[in-house]
Every structure is written in structure tokens, then in C-alpha cells.
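Heads up: the sequence shown begins at 4 in our numbering, then just goes up one per residue.
Please note: incorrect hints may appear among the correct ones.
Here are the simulated distance ranges between beta carbons [said to hold, decoys possible]:
1. Arg231 to Arg149: 40 to 48 Å
2. Glu95 to Asp128: 17 to 25 Å
3. Pro275 to Gln215: 28 to 36 Å
Since the hints were derived computationally from the structure, they do not count as laboratory data.
Predicted, not measured: the structure shown is a model, and the values here were computed from it.
Backbone N, C-alpha and C fix where the C-beta goes; we use that ideal spot for every residue, glycine too.
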Amino acid sequence: MAEVSRAPHADGLGPIVVLDGVSKRYSSAGPLAVDDLSLSVRDDEILCLLGPSGCGKTTLLRLIAGFERPDSGTVTVAGSVVASQRVWVHPERRRIGFVFQDFALFPHLTVLDNVAFGLARLPRDARRKTAAEVLDLVGLTVFKARYPHQLSGGQQQRVALARALATEPHLLLLDEPFSNLDAALRGSTRDEVRAILKRTGTTAIMVTHDQQEALSFADRVAVMRDGRIEQVGDPVEVYLTPHTAFVAGFLGRTNLLRGAAHGPVAATAIGPVPVAQSASGRVVLSLRPEHLEFVTSAATADVTAGGEAPPDAGAIPRVKVLRREFKGHDVTFECLLLGGGAAEHAFAADQRLLVNASPDCPATVGDVLAVRVTGAAVVLRHGAGAATPGTSTRPPPATSAEQR
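Construct the complete structure from the given sequences, taking the supplied hints into account.
Structure, rendered in C-alpha cells:
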């Protein structure tokens, strides 16, 4: 398989992209779409900008590409300032590739000619040779004479990627690149694109509102909210140790609990909960549904519908199942924490809990079950995030179109 050389960094050192105090407002009376944001992207890195519609992630991508001018701050690409109060480099001179949400292929051009389109600086034979090499890289050589309408969605996506890579960009930007693909095709195409980016050593920034997509595709994830970055880190770190309730809830379902921490343990409505980092005083915790489990032993709880816990249940908290969501690989139960025993706590009023279980779990709506904690909770920063402790959170529904 052919290899395509990547554009070298201007000086071989430092990050490919640096944003320093960048802000953008679309109207004088409107809110900031990007608010004093600073971020750097390392060489060979894949970074995902993740957040709800309207959080500013697409605007940030457009500021890097040069489709928008920042109101303040500096954008540096490959060691050169491309946007500031005094400097402005036009998009076509930034050596940045862009893969659009709708692929933006030319319907009247063949696959080969679509890929060769951005190589106008080269002689015709060199253009076609380079385009053929990149098509080989993405596994589409046999389709070079076809037109876009003769390809599947995944194949069109790889043509768009090939066209962007053919120009040997410093950086590749991808705006919701998989959102137009059906669910069955999205995962395989995502894996193929990531493999191609890694094989070519391409630095890339992708915008998405799909949590699973960001966590599986990126080397680092930057979670955005209201024009700012709420948290940035590798996917495992951001998922397992969210800084705020917003990050915890946006990256997946979680349980938010108030408690009083004493070193490695916090007293909560569901009893003592281990915490990932020692803390002291009143805290808000994030506890993932996979870190709770039902106790189905007859010695601790009656799993029959509407059953009551026996007198010797002791300190084990009980919940009533309100909703059951079967997802094939597992089941998520939404439960109401019941009073009594150790579960009787100042913060226990209307406490909802999410519990993940295996698909063969027999529990159903109306059952009363004992629960126990199987993993550590994370202490969240005070005053951060919009969710209210005492509730369970889930990611917002996916949208078909991304707002600014």
C-alpha cells in the first residue's frame, strides 16, 4: 500500500496548533461563541472537540481553518501565527485540510479527479499520480473511475479524506464526519479513518457531539460548554475522573450524590462510598451506573415484584425499580432510593439511581432490591456543572444537525 508523506512541522518542535485567548462573537448583542479559549494540539495527535449543540466547537474549528476571524487572541499553526489582531493568513494558505459533514464531493468528477482537485499547483500527470497513491492508501483504487453517487456513504467519506490528505496538510479538520452514515457503517468507517490518520502521522481535530465516537476515536478529548473548554484529557481520564457534573453527565450516565467525605470514604444517602481521591468535608460525587450492582441474595433482599427487604437487611440500602432499559449488551435500571437503615440520610429525598446490570438480570419495574457500591466515586469541583445532586444524569439526545 502506498504511503503519503506528511507536511513537516515548520521547526520540528512544539505543538501543531496553539490557540491563545481566542474569542469570537457573531453579533455585538449576542453571547460569545468562543470565550477566551486556549488550547494546544500535539504533533501526530487526534483531538476531539466534544460538546452539545451551540457550545462553540464548530466555530472553533472554523477559526482554526480561517473561515472565521477571531475577535481577540492568537491562532498558530505549525509554528506560524495565522490569525491575530495584526496577522491574517487566508484559509488556502494555511495548509489545513478540511473534511465536511456532507463530504462536499463534486458530483460531476470521478473519484480520481475529486482527489486531484486540490493539487492544481502540480502538473497534470503528477496530480493524477499523487491522487492514485492516496486512493491506494484509503483502499479505493478500484473505484477511481466511479462518480460519487456510485459509492456508499463510507466510501464517499474515504474519498473526502483522501482529497484532504492529498495536499499534505499540516493539520486535518473534521466536522461531524460520520454523522451522515448509518449506525452499522459508522463504527467500521470510524476505525478505518483513525487507522489511516495514524498510519500517515496526520494531526487531526474532529468535532462531534457523539460521546462514544469521541471516546473511541480520539487520543485526547476536549469537552466544551458555552464557548469554553470544561476539561481536556485522554478519553479514559476524562470519563473516569470528570472534573464537573457537566462533564460527568455529558460523557455518559452517572449518579450525582451529596455526601460528607472523610479521607478515602464519603457518607452518602446510599451509605459509605469509596472515593478515588481523599477528600474532607461536604462533597458532590459522580458514581457511574456500572459501579453499582443489585444484591439478589435472599438474605439481603426479596426480588419479587413489590417485595420488601427482610429485617436482617441491616445497612444495605434498597431501591425501587422505576424503569428498565434493555440495550442488548446490558440493562440500565432507573431506581428510586427508599428510606430506612443506612439509606436514611439528610440528602436522601427523592434520590434517583442508575444501575447497570447484565442482560439476563431478572429485575423488572416495581421490584424492590438491595444495592451496593462496587467502585470508587469521583469528587466533583464545587459549583461546576448544571446538574443537581440527588439526581441521575444521562447524555443529551443526539441531534441531526450541529449548531454553531
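Hint check results:
1. Between Arg231 and Arg149, the C-beta spacing of about 44 Å keeps the proposed range 40 to 48 Å intact.
2. Taking 17 to 25 Å as the suggested C-beta distance range, the pair Glu95 and Asp128 conforms, at roughly 23 Å.
3. At roughly 32 Å, the beta carbons of Pro275 and Gln215 sit within the given window of 28 to 36 Å.
Checked against the numbered hints listed earlier, the structure breaks none of them; every hint is satisfied.
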